[in-house]
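Q: So the sequence lines, in the order shown, correspond to chains A and B. Position 19 of the first sequence, counted from 1, bears residue number 19 in the numbering used here, the numbering being contiguous throughout. Count along the second sequence starting at 1, add 228, and that's the number in the numbering used here.
Keep in mind that the hints are not guaranteed to be accurate.
Derived pair list, reagent style EDC-like, types lysine to aspartate or glutamate, alpha-carbon separation capped at 16 Å [said to hold, decoys possible]:
id	chain 1	residue 1	chain 2	residue 2
1	B	Lys470	B	Glu335
2	B	Lys444	A	Glu151
3	B	Lys303	B	Asp381
4	B	Lys444	A	Asp200
5	B	Lys444	A	Asp95
6	B	Lys444	A	Glu195
7	A	Lys128	A	Glu151
8	B	Lys442	A	Asp200
9	B	Lys473	A	Asp95
10	A	Lys198	B	Glu493
Everything labelled a hint here was simulated from the structure, so no lab data went into it.
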Amino acid sequence: MLEIWHGLIKALELIVSLDPEVMEIAGRSLRISVTSCLLASSICIPLGSLIHFHNFRGKRAVINIIQTLFSVPTVVVGLFVFVLFSNAGPLGTFDILFTPIAMVIGQMILITPIMLGLTISALSGVGKEIVDTAISLGASGFQTALVVVRESRYAVLAAVTMGFGRAISEVGCALMVGGNIRGFTRTITTAISLETSKGDLELSIALGIILLSLALIVNVALNRLQQR
Amino acid sequence: MKRKGVLLVIAVLVAISLTVAACAPAGVGALQPQERMKVATTTSLYDTGLWGYLESKFEQRYDVELDIMYAGTGKALEYGSRGDVDAITIHDKAREEQFVAEGYGVERVPFAYNYFLIVGPPGDPAGIKGLSPEDAFKQLMETGSGKFISRGDDSGTHGKEKTIWGAAGFDYEAVQKAGDWYIETGGGMGPILLMASEKQAYTLTDMGTFLAYKVKLNLVPIVDKGDILLNVYSIIAINPEKHPKTNIEMANNLINFLTSDEIQELISNYGVKDYGTPLFYPCAGAELTE
Numbered sequence: 001m002l003e004i005w006h007g008l009i010k011a012l013e014l015i016v017s018l019d020p021e022v023m024e025i026a027g028r029s030l031r032i033s034v035t036s037c038l039l040a041s042s043i044c045i046p047l048g049s050l051i052h053f054h055n056f057r058g059k060r061a062v063i064n065i066i067q068t069l070f071s072v073p074t075v076v077v078g079l080f081v082f083v084l085f086s087n088a089g090p091l092g093t094f095d096i097l098f099t100p101i102a103m104v105i106g107q108m109i110l111i112t113p114i115m116l117g118l119t120i121s122a123l124s125g126v127g128k129e130i131v132d133t134a135i136s137l138g139a140s141g142f143q144t145a146l147v148v149v150r151e152s153r154y155a156v157l158a159a160v161t162m163g164f165g166r167a168i169s170e171v172g173c174a175l176m177v178g179g180n181i182r183g184f185t186r187t188i189t190t191a192i193s194l195e196t197s198k199g200d201l202e203l204s205i206a207l208g209i210i211l212l213s214l215a216l217i218v219n220v221a222l223n224r225l226q227q228r
Numbered sequence: 229m230k231r232k233g234v235l236l237v238i239a240v241l242v243a244i245s246l247t248v249a250a251c252a253p254a255g256v257g258a259l260q261p262q263e264r265m266k267v268a269t270t271t272s273l274y275d276t277g278l279w280g281y282l283e284s285k286f287e288q289r290y291d292v293e294l295d296i297m298y299a300g301t302g303k304a305l306e307y308g309s310r311g312d313v314d315a316i317t318i319h320d321k322a323r324e325e326q327f328v329a330e331g332y333g334v335e336r337v338p339f340a341y342n343y344f345l346i347v348g349p350p351g352d353p354a355g356i357k358g359l360s361p362e363d364a365f366k367q368l369m370e371t372g373s374g375k376f377i378s379r380g381d382d383s384g385t386h387g388k389e390k391t392i393w394g395a396a397g398f399d400y401e402a403v404q405k406a407g408d409w410y411i412e413t414g415g416g417m418g419p420i421l422l423m424a425s426e427k428q429a430y431t432l433t434d435m436g437t438f439l440a441y442k443v444k445l446n447l448v449p450i451v452d453k454g455d456i457l458l459n460v461y462s463i464i465a466i467n468p469e470k471h472p473k474t475n476i477e478m479a480n481n482l483i484n485f486l487t488s489d490e491i492q493e494l495i496s497n498y499g500v501k502d503y504g505t506p507l508f509y510p511c512a513g514a515e516l517t518e
């Protein structure tokens with residue numbers, strides 16, 4: 001118990017003193033996760049709409065596959081990206097393994113199924129009567145789609161929040177494709193993993209608290225956005 | 229009409245996403261303004277803090293970002309053979325020689341050494357204190373009265389452990405199945421020492437990591453004498469003929485740096501202030517034999 005208490009105190013110290021290394025690591029975590037979250041949203045929201053608004057053969061199967069991929073382990077994504085971008089791998093020429101870009105790609109792959117699946121559910125949650133009303137008032141297909149997306153914006157935002165949460169909290173993929181390089185690809189989660197293995201539990205606890213604080217700030221900001 | 233509208237929405241969103249995609253990675257890319265070099269290192273050179281100590285000195289001298297990847301010897305060799313790093317610093321002579329012979333590495337250059345030791349609980353439940361490493365392992369196997377934690381990760385230390393089992397006359401596969409007392413994990417040397425301390429088990433460790441972690445551990449040296457315990461660290465540059473994209477020039481700079489008189493002197497003094505004894509001994513270019 002004493003360790004957790006010391007961790008809390010140390011977290012406060014590190015935050016108040018704006019410890020440069022901790023700030024740098026936290027900033028990097030936030031930057032990478034926000035980037036991957038934005039990129040994934042910009043793919044998933046349109047693609048989710050496309051899947052939702054179109055009826056095609058195998059739609060149910062596609063949704064099943066997406067939902068199955070909710071539980072893809074982070075290390076499997078890490079392994080996949082590693083093999084893909086390793087110098088000996090098919091995309092080795094891009095030279096991005098062990099860089100933040102590879103981490104962004106890994107996180108995008110990781111959170112795309114969740115965002116896609118939740119976007120589809122969000123759009124499905126809009127009542128048929130709203131669609132009917134829109135059409136009966138003479139809305140075009142495009143306008144109807146807009147109405148549906150607008151009606152479901154809270155749930156879509158929840159999908160984005162969920163994706164961000166998974167991105168900033170994952171460690172397996174970040175460790176494998178980022179390499180946990182100090183000052184370059186070390187994020188809060190990989191730093192926690194390293195510090196714990198070094199036996200520095202207080203710093204780990206402090207970093208954990210900082211990560212949760214970051215998540216809190218992002219969530220409050222997103223909530224504000226929702227209430228507009 | 230409806231279909232057209234949906235397509236328009238999608239077109240707009242795709243346009244937005246492409247804009248974001250174009251901007252965002254540029255921000256991430258801006259993180260790499262200067263020349264970089266990647267080294268995969270055995271965990272002990274990292275856990276002891278030696279790399280942290282030498283890193284900035286090398287970076288300043290050659291104006292390069294040195295990226296150090298924490299990996300066991302097995303993983304470092306894998307990174308090296310795939311051309312994902314420019315050099316590796318490891319400690320497993322047999323596999324190093326094989327790595328060079330297969331053409332992945334240019335040359336094996338030893339730069340430091342110390343010794344392995346068997347550490348364990350202060351009570352020494354298996355009564356192996358004072359034995360040779362080979363006899364100590366025999367005793368562990370025969371009595372089964374002490375837990376032993378193995379790195380189990382193809383690291384240099386794990387390689388040494390297998391060598392000692394072999395020298396003690398056991399087939400390693402038989403050891404793996406010997407019983408609950410033999411615990412295979414997977415992790416760096418530091419974490420394994422912490423685990424051995426928690427479980428009050430024996431383990432094989434390099435001297436440097438043990439000294440660096442000593443204050444956190446309830447473990448004492450049990451067996452520390454025996455020629456088989458010699459532990460030599462080498463650096464190998466990745467062969468540019470196999471992987472033309474690796475930074476051979478900077479890898480050679482690093483080799484010259486590590487074997488220079490000045491850095492060898494720093495290595496021989498590293499840790500003396502904090503631990504009262506050096507963690508590593510310099511041996512630039514010299515071939516040590518067991």
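Q: Does each hint hold? Answer for all of them.
A: Checked hints:
At most 16 Å may separate the alpha-carbon atoms for a hinted pair to count; Lys470 of chain B and Glu335 of chain B meet this at roughly 13 Å. For the proposed pair Lys444 of chain B and Glu151 of chain A, the alpha carbon gap of about 57 Å is over 16 Å, so the pair is violated. Proximity of Lys303 of chain B to Asp381 of chain B is assessed by CA-CA distance (about 9 Å); at most 16 Å being required, the pair is judged to hold. Restraint check: the Cα-Cα separation between Lys444 of chain B and Asp200 of chain A comes to about 10 Å, which is no more than 16 Å; the hinted pair holds.
With a C-alpha separation of about 40 Å, the suggested pair Lys444 of chain B and Asp95 of chain A falls outside the 16 Å cut-off, and the hint is violated. For the proposed pair Lys444 of chain B and Glu195 of chain A, the alpha carbon gap of about 13 Å is at most 16 Å, so the pair holds. Simply put, Lys128 of chain A and Glu151 of chain A have alpha-carbon atoms about 12 Å apart, close enough for the 16 Å limit, and the pair holds. Under the criterion of a C-alpha separation no larger than 16 Å, the hint pairing Lys442 of chain B with Asp200 of chain A is consistent with the structure, at around 13 Å.
Simply put, Lys473 of chain B and Asp95 of chain A have alpha-carbon atoms about 9 Å apart, close enough for the 16 Å limit, and the pair holds. Between Lys198 of chain A and Glu493 of chain B the CA atoms are separated by roughly 27 Å; this puts the pair beyond 16 Å, and the hint is violated.
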